[in-house]
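Enquirer: Keeping their order, the protein sequence lines are chains Z and L. Take 1 as the starting number for the first sequence in the numbering used here and just add one per residue. Take 1001 as the starting number for the second sequence in the numbering used here and just add one per residue.
Don't take each hint at face value.
Said to hold, decoys possible - Footprint (simulated), chain Z over chain L, 3 or more residues, beta carbon under 8 Å: (1) 1041–1051; (2) 1066–1075; (3) 1084–1093.
To be clear, the hints were calculated from the coordinates, so they are not data collected in a lab. Heads up, the beta-carbon is just placed ideally off N, CA and C, and yes, glycines get one too.
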Amino acid sequence: MPQKKQETSQPTVWLVLVRDLRDRAAFSELFDYFAPRLKGFLMRNGTGSAQAEEIVQDVMLTVWRKASMFDPHRAQASAWIYQIARNRQIDIIRKENRPVPEELAQDPGSEPDASQILAIDQEAEHLKTAIEQLQPDQKDMIQKAYLGDLTHKEISIQTGLPLGTVKSRIRLGLRRLRKELEGLR
Amino acid sequence: MNAITHHIPDTMIAAYVSGNLPHPFAMVVAAHISLCAECSASLGAHQAVGGALLERSDNVAVSSGMKTDLMAMLDTPIRSEPIFDAKGIFPSPVMEALKGKPPRWKTLGMGVKQSILTEVGGGSVRLIYIPAGQAVPDHSHSGLELTLVLQGSFSDETGRFGVGDVEIGDENLEHTPIADAGDACICLAATDAPLQFSSFLPRLLQPIFRI
Chain Z
1 MPQKKQETSQ
11 PTVWLVLVRD
21 LRDRAAFSEL
31 FDYFAPRLKG
41 FLMRNGTGSA
51 QAEEIVQDVM
61 LTVWRKASMF
71 DPHRAQASAW
81 IYQIARNRQI
91 DIIRKENRPV
101 PEELAQDPGS
111 EPDASQILAI
121 DQEAEHLKTA
131 IEQLQPDQKD
141 MIQKAYLGDL
151 THKEISIQTG
161 LPLGTVKSRI
171 RLGLRRLRKE
181 LEGLR
Chain L
1001 MNAITHHIPD
1011 TMIAAYVSGN
1021 LPHPFAMVVA
1031 AHISLCAECS
1041 ASLGAHQAVG
1051 GALLERSDNV
1061 AVSSGMKTDL
1071 MAMLDTPIRS
1081 EPIFDAKGIF
1091 PSPVMEALKG
1101 KPPRWKTLGM
1111 GVKQSILTEV
1121 GGGSVRLIYI
1131 PAGQAVPDHS
1141 HSGLELTLVL
1151 QGSFSDETGR
1161 FGVGDVEIGD
1171 ENLEHTPIAD
1181 AGDACICLAA
1191 TDAPLQFSSF
1201 LPRLLQPIFR
1211 I
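Construct the complete structure from the given sequences, taking the supplied hints into account.
Expert: Shown next, in the form of structure tokens:
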């Protein structure tokens, strides 16, 4: 396997800067990266341009305000922002509040763990590669599913996570999902 | 605490992450994930897929003024939203549905009580209280039913369910859950259709009790 660069992904770095330092320049970078993607993403399932913009603005403001909730040991910036965007879109479409789980207790003495952050990052990158390599129709199916166009009966991904700590489970979960995606090819 | 053995299926977590689950089920899934490290991990994995799709989605330019407006809004004081932390046996999504107050139980007879949290269309989420050793009348389901144990445990034809466990019932499940000895069993139950009781009398009472 080719050695990839050992760095945390740029959006995650920006988001940590926003979280820890309330860094406006980093937030500006996050906006430039995510706002057009969010708009494109939201418009894919029929949300109009004006409403998509409203949601983008709302999501980015939430990113600023709730940055303290972001934990790079558990997710990349894009995963965290995806969930905020989907929840917001659904709240608006269905006029309801999505129930969200409480955060599970942090491990005691939660010093930043660079190797865990990097591992999450690398697994997420592998996952992206796996998605890229899918057949066009499968890619389309996955895309529709995570945009909310499919019912849960139509999303067929199998279960069976092995035991371990929460953090390593997330990594395993990512790896397993990637294997599932690769198995589709 | 005993280990959780009955989890939310992965497909349902994917549906939850992507916003495909009706509200009653989303509440049970959120409550279970609050208690379950394994399903919390699965949630993280599915969010990563969503994130990957977000990163590779088409760039559509936003209006030129949006960024300036947004940067100006960063210092606006936030209207504080109430935060409902977990309390006792109730994880935070349940406390939020209860608006921070204790449940208002309505008796159903035989010591069984319920407290309806939300009811939208045909679907509902409720808390159910079953005294130790008590059976819930035979019932079948015309739709999907998710039951999450918050206190005590119950057993039925399919197995034993303790704190954190979720039972998934559908059209094919006709069961008689019985609360085990010990603490009363308290569950969070969601349906997308009214339950159908097998015996005559409870069926007559169904519209009255809204079960």
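Enquirer: If a hint holds in the structure, say so; if it doesn't, say that too.
Expert: Hints and how they fare:
1. 1041–1051: holds (count 11)
2. 1066–1075: Since 7 is at least three, the answer is holds.
3. 1084–1093: Per the Cβ count (5), the hint holds.
In the structure shown, no violation is registered for any of the earlier numbered hints.
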